[in-house]
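Put chain P on the given structure of chain W with help from the hints.
Residue numbers (the numbering used here), protein chains in the order written: chain W, 1 to 80; chain P, 1 to 246.
One or more hints might be untrue.
[Stated by the list, open to error] Here are the simulated lysine to aspartate or glutamate pairs, EDC-like style, with alpha carbons at most 16 Å apart: (1) W/K57 with P/E220; (2) W/K70 with P/E59; (3) W/K70 with W/E15; (4) W/K57 with W/E2; (5) W/K66 with W/E15; (6) W/K57 with W/E34.
[Stated by the list, open to error] Estimated spans, in silico, between C-beta atoms of each pair: (7) W/E2 with P/G55: 25 to 31 Å; (8) P/P25 with W/A19: 47 to 53 Å; (9) P/F229 with W/C56: 34 to 40 Å.
Treat the hints as calculated values from the structure; they're not laboratory data. Yeah, the Cβ is synthetic: ideal placement off N, Cα and C, and Gly gets one too.
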Amino acid sequence: MEALDGNAIGGLLIEVFGAEMTTTRGTCVHCGAEMQMAELIVYLPAPGTVARCPTCKDVVMVVVDKRGIKCVDFRGLAMF
Amino acid sequence: MAGATVLGRLTWQVATVDEVVEETPRVRTILLDVPDWPGHRAGQHLDVRLTAEDGYRAEREYSIASAPGEPVAITVERLDDGEVSPYLCDELRPGDGLELRGPIGGYFVWPAQDGGPLLLVAGGSGIVPLRAMVRHRQRSGSEVPVRLLYSSRSLEDVIYRAELDELGDSIEVVHTLTREQPPGWAGYARRVDAALLGEVAWPAGDGARAFVCGPTSFVETVAGGLVEFGYPPRRVKTERFGATGR
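The shape of chain W in the complex, shown without the other chains (with noise of 0.2 Å):
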């Protein structure tokens, strides 16, 4: 599976987070990186949205849409 990048859940993250996200910055809670949104590295076809950190790719945000309805999971990046 390729990945992409955070830029491609721009419409997602404005769909759960009601603001444009992809320039704000974060801090991956596994690896202490910053980054912007838009660095993620992004898995789109899996069963739900799999965001990674950059640098040591371990988890940091998942979406899955259950009928309409996005369940974020967003375990690994504290914004600020």
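Only chain P this time, still in chain W's reference frame:
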């Protein structure tokens, strides 16, 4: 105001296809009339949604091909096993409706006031958001020096070829044709790698801003090469696209 959209919320709306321009045998530009368009910045994209008769929906992101102030346009490459692009490339006609939302994205954008010099590196249809930046530069009267390195499989696959040829001396356009070259081709004929970047890119000390768009492997090679070449990572903005989608 009645009917106004809440600021910051993206809403789906139906645009009307105004015109279709065939760019290459596999690529077309679709000019759209979007009644409620708030305006966009060069490099942003929009989401397109198709709904089948049985209610099945497919969404894809497409870079906006036009400059701020121009009518909204997207340029679509036909992927044979795609769910959305064959419809957009084969079926869609002027006058048809198309559901979309946007503009989206604030990272891979270049407002002219950010200055340069600019290094734009495109692989295949990765040229689309960079074309919006080039047109924005021309329309805004910016004199920022621009080098555009554009990798295509063959001359026939070069999107916006005539438009890029007509830029003349104002922008340096460097083509590389990786798979097939016409007889007498004097340009580059190999994949973009660190050595080619070394020949084309602005020296790292010039403070250039780089925008790299293309397939994932292309983007990673180019971005890695530029950082190796001395570009600070924060000056290298990347956008990857793939054949896969939701």
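message = Please verify whether W/K57 and P/E220 have alpha carbons no more than 16 Å apart.
response = 15 Å, holds
message = Just to be sure I understand the hint, the distance between the Cβ atoms of W/E2 and P/G55 should be within 25 to 31 Å; is that true here?
response = 28 Å, holds
Consistency of beta-carbon spacing, W/A19 to P/P25, with hint 47 to 53 Å = 40 Å, violated
request  = Verify the proposed pairing of W/K70 with W/E15, using a straight-line Cα cut of 16 Å.
outcome  = Holds, because 9 Å separates the two Cα atoms, which is no more than 16 Å.
ask   = Under the criterion that the straight-line Cα-Cα distance not exceed 16 Å, is the pair W/K57, W/E34 satisfied?
value = 13 Å, holds
ask   = Keeping to a limit of 16 Å between CA atoms, is the pair of W/K70 and P/E59 held or broken?
value = 15 Å, holds
key: Satisfaction of hint between W/E2 and W/K57, Cα-Cα up to 16 Å   = 14 Å, holds
ask   = When you check the alpha-carbon spacing of W/K66 and W/E15, does it fall within 16 Å?
value = 14 Å, holds
ask   = Lying within 34 to 40 Å: is that true of the beta-carbon distance P/F229 to W/C56?
value = 25 Å, violated
Hint compliance for this structure: hints 8, 9 are not met, and every other hint is.
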